[in-house]
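Asks: Here is how the chains run, residue by residue.
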Amino acid sequence: MKLNRRKFLRTSALGAAGALATPYFFTRTVQAADTIKVGVLFSLTGGLSIIEKSLSDATLMAISEINEKGGVKGMKIEPILEDGASDPKTYNEKASKLVIRDRVPTVFGSYTSASRKAVLPVFEKRNNLYFYPTYYEGYECSKNVVYTGAVPNQQLSNFIPWIIKTLGKKKFFIVGSNYIYPREMAKVSKILIEKSGGEWIADEYLELGHSEWGSMVNKIKTSGCDVVLSNVVGDSVVAFYREFKNQGLTHDKLPICATVTSEIEIAAMGAEYAVGSYTSFPYFQAVDTDINKAFIERYRKFVKDPKAVTHHALESSYFQVYLWKQAVEKASDLTPNGIREGVKGQEFDAPNGHVKIDPENLHAYLTPRIAEWQADGQGKIIDEYKEPVRPLPYVAYGETEENLFCTAKGLDTSKLKL
Amino acid sequence: MVDVLFIGLSLGSILLLVALGLAITYGAMGVINMAHGEMVMVGAYTTVMAGIWLGTSIFIAIPLAFVVTALIGYLIERVVVRRLYGRLLDTLLATWGIAILIQQAVRLEFGLSFFGIHIEGLGPGLQRVDVPAVLQGTVSIAGIEVNTYRTFIIVVTLLMTALTWFILYRTPIGMQVRAIIRNPKMAAACGINVERVNSLTFAFGSGLAGVAGVMMSGFKTVFPNMGTAMVVDGFLVVVVGGVGSLLGSIVSAGMLGEINGLVASFSNDIVARAVVFAVVILIIVLKPQGLFSFKER
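Taken in order, these protein sequences are the chains called A and B.
Per the working numbering, residue 1 is the first one in the first sequence, and the count goes up by one each step.
Per the working numbering, residue 419 is the first one in the second sequence, and the count goes up by one each step.
Chain B extracted, bound-state conformation (with noise of 0.2 Å):
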């Protein structure tokens, strides 16, 4: 039983480590970041080029892969995003094209195969990311014998988190990130300069998504495509949570992890996929704000 607990929970703090990012974005920004799950494709993907071109382990990736996305997602804000504030469904078209410029670029080697050039580390195969002995097998916990790599995970998702928080909610930053997702124009009002405070958000954002990505290739497969599926999963975590709400993140990404590892469990993922979707659909009917949200006033 601890072992599916476990399992739960590992798998709670994937989806957390990836929705954190949206929360910020979707959040702060109303922005629907579809390029979020290629921003976790790019981390990954700087998690391999670092481990061929600069012989670096996964733990040095972690920074590295931080600053590279928080790079990119800096620049799409103030290329595309910035032009479409208050256009929800445009952000989701604009940042829909991105994802699948971004994965091509990937995929042709920013279009030098056309050429004849192979960079290594980059084309449409599967890459390997060389997980450090220390991170394979089991380790023992209070006489339990736990997976290494998903305590890896879960340890790592405590500190973005714990991160996350402490600049939300004890820096003067935070605060003022946090009285744009309450009234965007009223914190203009107040003398915020809301267009820097937003390239930050969403730089920071996309710098967690890169740090999922860390985390993922050492644990799943390195392809051009893997950030699609997890973007989903990451909505469903912000939507049930709360726009807007790290609390609300934390709790349904813990929440639908355990239930999906104990269905799993005792019946097949197929199902427990099911379930979760169901959950999910449930939540949303009854409590179309989510599990956490501000009250309006």
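Only chain A is shown next, with the shape it has when bound in the complex (with noise of 0.2 Å):
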């Protein structure tokens, strides 16, 4: 290329520019044209890590993968991993440090609802985008949240009349961990037991990470339910499961119809304490597809662990990516409004079936299900829907798919009457 005149001032012109402008690029990220930045923030550290450490691995092994096929729009996705030290602060420290230093347009991350609504402020005010893999209690409704885990129209619509219906169970015991998670299912529940036509008994809660179920346990065998409706999370799943066979419950005649307990809990209890109990998931390791066979061949290889056990929302983090690319790719530019515009009805072909991203609330539709749990500690799914089934965030206040309280122009408070 031959240096004319003109091109010569031109560059000298920008070269100033640039060397004016230095502090100001010291202080920035600079952006290189062939990556584009994320931010990836779940817990390494603390006593959520345990999950969120799987959580973290999907994500960044989806994204490795899009790497190896060429990234998204021939960029690279350049992960920035964060920790949020199951605590609620630091993730609202981190997301600060991700959207406003780092200047990501998507952060993927949290698994507790607690760490959600930590960081929301940060995505709100900033206009920021964050992807939620994790299944929630719903209520909420944010233009700058994309949720693709499930919502209670998604594990207990389905659930509880096919509870009271096919298991013929109409005498329900819901307990839970003492958090807004298992406190809006139980609600949830309640209005579905009843609209189905059963009863419920008793509504308790034990502290997180609690792991001393003699009393509750020996409460649920004296109140003469006929299910156990659990919503109970974390490590106190296999405290309770353990008690409640070595008080001498069985799940053939008392059995244990869960929200939350997955692979991983059965893995760390043994199966052979939740063998014949209930959970309803959108996702299975069990699904029988040859999508999810390759999917978790492809996280074992990736986490170097023959064994490891994939879950619900594992699955969502990992597919969530890949929806996240295509409306990278559909998007005219690379800003959080361009990405949000972009994903609204992205569809996939997840691990657990077609996927896609509902344009006014931007909730995930997803297949529901409902698995027995074997002695292998995998789970026997023996009911599914044919197809997804639209994400209603705020079904227990009233709403349904003709009339949707949450939509693209936000909350329709009027609708929401308590």
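Heads up, some of the hints might be wrong.
Claimed, not checked - Derived CB-CB ranges, DEER-like:
1) A:Q374 - B:L489: 39 to 49 Å
2) B:P550 - A:H354: 41 to 51 Å
3) A:E65 - B:I562: 52 to 62 Å
4) B:L526 - A:R298: 41 to 51 Å
Just so you know, the hints here were simulated from the structure itself, not pulled from any lab data.
Note that CB positions come from ideal geometry on N, CA and C, so glycine has one too.
Dock chain to chain to rebuild the complex, using the hints, since each chain is given by itself in its own frame.
Replies: The structure is reproduced here in structure tokens:
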């Protein structure tokens, strides 16, 4: 290339401008044209790292797969890994760091509702985008969060009528850990139980992480219930199922029907304690598709553990990166706004089946499934919907497909009569 | 009602099992051993590892965990605690540091995870201990169906308490330990090798924590910070019972366990926990020395 006068002038002017602006360039992270940075924010330390590490791994695996196939729009994805340390306050600080300093257009993260609620103000105030992979209690409508886990109508609306009609159980004992998710789930459950002609006789809570279940299981035993609906979370699950069996209760007479118990907890308690109990999730490791089998194999190779188990939130952590990639490809610019518009209506063949992001409320269409736990620690899927179900985060408050509360315009509070 | 009392008894026996070792180390040596909970955790991991690598059951794990944790306890005493006698708050900080080190060693698989080496049975995840079928479900005692595993815990606790009592009150070394509890300087003046006895006492206390860990492993979840909450409960028992008193620990563990069980069954576990703490505060206010304490002479 020949350097002529006009070009020389232009280049030197640019150079001067660059030199003047140097301090500015040093303070912000330079986004090189051939990479796109994203935040990955899960707890790598602390009590919740048990589960959240696997979500982080699944996210990184999807990113590395996309990068191997050439990246997105020719750009490599560069994950910036942050540690939420199982602490909502740390989550908030790390989210601010990713959004303000690293200027990432998207962050993938969070397992608990507490950590999501903690980062929400950051993403709403800075108009950034958060991808949240966990099943949660609903009752949230943010244009800055893409929710790819199940909401109550994808986990309970199929489960409760099934328990009453197919299992023939009518008296529910609702038990959960003492925080927002189990309490909201109980609220939805009660509405569904009453609607389906059952009754609930108790609604009890134990502290998160509590592992002394003697009194509670004794209460269940003497309550006269014929089914237990469990929203117990974390390591308490293990102690609960063990105590349940050790007090002589059996799942064929008094089954535990759970919304949180996944392959991870089953592996930790020993399958013999859970055989015959039920869980409702859109994804189980046992989903019998080639896509899922290949996914499990790749995941095990990625984490270098031939026995690693996959579960619902992990699978969502994986496929949501692909949905994001498609959104970036569709988006006109790489801003959070552009990606949000791009992600609306995106579809993908995930390990659990076909998923789609609802253009109105940014939640995912998922296929509800119910599994009965087997002696090998895997769920046997005994009931599943033929098609993915539309997510309704306000189903407990009367939201239906014809009457959406949460739309692209935001939450219609006039409909929300408590 | 029998059910409720049984649960209370079992809660008490778990408390006692954890507190037994503390009662000795805190009582005899005046060391606030914050790493006691981690000894419980190490005991639980010994069970996990023995199951994976040796194929042994939970029964074999009991003596194994006792030996492993006793050795670690002995090492901690020789290397760190020995230098800190008479400095109560320093022992608290130092053993707390040790607790964090042990936790991280397990979580990071002794640092090997940095090199991509994975040891099965270690790491940050939940671990599983296979409970033999004999210990699952219920067993019928005098026409009442009771929880087999909890009965097993109660039996082991009784045996361990009896063993501790025997060592303390029927052996020469036990007499030396009791002499040190009363007055370490006088004991030394009488020719007792206080250093050696202290090492052994610390090792024994840690070993008891290891056995508690084996019991917990078949019952609760095994993960790196499982011991942290237990050490608090252990101290409650020791403080309420009176420092250095075996009988005091037994009575206070039984009492706190039954209070917890009774309140939990009539109300719920959250209230029960609050009531237990209220009772503990009341006792500390009314009897600062604990329920059973030596008369200072």
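Asks: Next, verify each hint and record whether it holds.
Replies: Now the hints, each set against the structure:
1. A:Q374 - B:L489: 39 to 49 Å: 41 Å, holds
2. B:P550 - A:H354: 41 to 51 Å: Because 45 Å falls inside the window, the suggested range holds.
3. A:E65 - B:I562: 52 to 62 Å: Since the Cβ atoms of E65 of chain A and I562 of chain B sit about 58 Å apart, the hinted range of 52 to 62 Å holds.
4. B:L526 - A:R298: 41 to 51 Å: 25 Å, violated
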